[in-house]
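Please construct the entire structure, taking both the sequences and the accompanying hints into account.
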Amino acid sequence: MESAFVIETIIKILVVLGLFSALAGFATYVERKVLAFMQRRLGPMHVGPWGLLQVLADGIKLFTKEDFIPQGANRIIFMIAPVITAASAFIAMAAIPMFPEFTIGGYTVRPIISDINVGLLFVLGVMAIGLYGPLLAGMASGNKWSLLGAARTAVQFLSYEVVTGLSVLAPVMIVGSLSLIDFNNYQAGGISNWLVWKQPVAFILFLIAGFAETNRTPFDLLEHEAEVISGYATEYSGMRWGMFFIGEYANMFTIGFLASLIFLGGFNDLGFIPGAIAILLKVFFFIFLFIWARASWPHIRPDQLMWLCWKVLMPIAVINVVITGIVMMF
Amino acid sequence: MYEVVAFYLFAALTITMFTITVMTKNALYAMTSLAAGMIFISAFFFLLDADFLGVVQIIVYSGAVMAVYAFGMMFLDTLKDVKEKNPSKKIVFFLSGMIALLLVIILLTPMISDKVQALYPVSDELGNAEAVGIVLFTKYLVPFEVAAIMLLVAMIAGIILASKRMDESITLKVDEEIEKEVKGSQ
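Chain order of the listed sequences is W and B.
Using our numbering, the first residue of the first sequence is number 1, and each one after it goes up by one.
Using our numbering, the first residue of the second sequence is number 1, and each one after it goes up by one.
These are calculated hints, taken from the structure and not from any lab test.
Mixed in with the good hints there might be a few duds.
[Said to hold, decoys possible] Calculated pairs, EDC-like style, for lysine to aspartate or glutamate (alpha carbon to alpha carbon, straight line, at most 20 Å):
#	chain 1	residue 1	chain 2	residue 2
1	B	K164	W	D303
2	W	K12	W	E2
3	W	K144	B	D81
4	B	K173	W	E2
Remember, it's a predicted structure, so these values are computed and weren't measured experimentally.
This is the structure:
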C-alpha cells in the first residue's frame, strides 16, 4: 500500500516537473508570437515551421552557454538563487488539483500531488518564497543594478503579499474552507455558480496582485530594462538565467490555475466541454491575458506601484472583506 | 519509515542552518541561512499533520526575514565580512551555552516524566484551520484580542514616526531642489 503510494507520488512529481518545464518553454514561444502579432510583426519564423523549433534552439543555447560567475559576487548565494525560484515554483504546484479524478485500468488517479487541507495558503506562501530568488541574486551579484533590483524585490514582496492574502480572504469566507478541492466543488453546476459573480472585486484584486507576484509587466520593476539594465538578472547567463524564467513562467501557470479554481469554476464540466479541457482553456486564457497586458501596458514607476498597493488596492480589499462579512452575517 | 528519515533530515538541516546564522561573519549568509532554517522548521509541522501551522510558519517568517534583508541592504555591505568586536569570547560562549542547556532541560523534563498530553489533538472531522480558530476564539480570546490591540498600537506608532512630510513626493522632485533643502536645513 505505502510503496504504491510512494511510486504514484513520484510519477506525479515527474509528470508535473516535465510537463510544466516544457510548457514554460512553449509559453515563451507563444509570448513572442502573440507580442509579434499585436505589434504587426511575424515573430520567430526561421527555425522550423512558423519558428516552432525556436524553443528547442533557445534551450540548446541556454544549456551550452558558459556559466559565468562575476569575480566580486558571493559565489554560493549567486549559484543557489536561481534554484530557489525554479524549485519553489514547482513545489507550489504540489497542492494544486489540476484535473478531475480519472481511472487508468481500474486505478483511480487524483491529479494532485499532496492534498493538504490548507492548499490555497500553501500555494500562495510557497509561490511567494520564489521572490527570494531575485532578492538573493541581486544581493549576491556585487553589482549596483542588481542591488536595486533586489531592493525592488523586497518592496514588491512585502506589499503585494498583503493584497493577495486579503483578496482571497473574501472567497475563503464564502466557501468556508482553504482546500482548493472544496473551492472547486462549491462551484459545481454551471457558470451561474462561479464565485466571480459573487466576488468580482476580489477577482480583479487577485489578478492585479498576481501580475505583481509573477513579476510581469506592468509590474516588472525587478528587471526594468530602461532603468536598471536587467535588474537582478544582470550578471546571469546560461542555464542559471534560464531557471529564473522557468520559475517565472511556471508561476504564471500557477496563478492561472489558482484564478480558475478560486473564481472561474475550476475543473467542473462546462456545458458540453469536459472538466479537464475546461480548466485548460481557462488557464490558457489567463496566460494570454498576461501576454496581452504586456503588449498593451507600459511599466509603472516604483512609487506608483507603492501608491497603487497601499492607497488603492489594500483599502478596497479590506472594504470588500468587511462587506462580505456583513452580508454573510445577515 | 519515511517520517523518521524526513525528521532526521530536516532536524540536521535546521541545526546546520541556524549554526551558520550564529557563526558566520557575513550578513548575507546569516540572513539567508536564517530564512532557510525558518522554512525547514515548517517541515516538522507538516510531519505532525499540523498543515495550517506549517504554512503559517512559511508565510510569516518568509515575510519577516525579507524585512531583515531590507535592513541589511540599507545598513551593511552584505558582500563583505562584518568586523565584530567581542573582546571576551569565553564569557559569551559560556553564557549562551548555559542558556541553551537550561532551555533544553526545561523542555525535556516534562517529556521524560511522561506528563505531556495533547490538549487539542488533530482531529479528522475538523480541518486544521477550524481547530485553531475554535481554540483561538474560545479559550484564548482575551490574549488574542490583546495581541490585536498591541499590533494596532504598533501600526499607529509606525505611521506617526514615518509620516513626516509624507504629503510631498521625493521621486517627483528635481535633485537641485532636494540639495537646496538640505543646505537650507543645515
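Hints, verified against the model:
Among the hinted pairs, K164(B) with D303(W) is consistent with the structure: their alpha-carbon atoms are about 17 Å apart, no more than 20 Å. Under the criterion of a C-alpha separation no larger than 20 Å, the hint pairing K12(W) with E2(W) is consistent with the structure, at around 15 Å. At roughly 18 Å between alpha-carbon atoms, K144(W) and D81(B) fall within 20 Å of each other, so this suggested pair holds. A threshold of 20 Å between alpha carbons decides the hint, and for K173(B) with E2(W) the separation of about 65 Å lies outside it, so the pair is violated.
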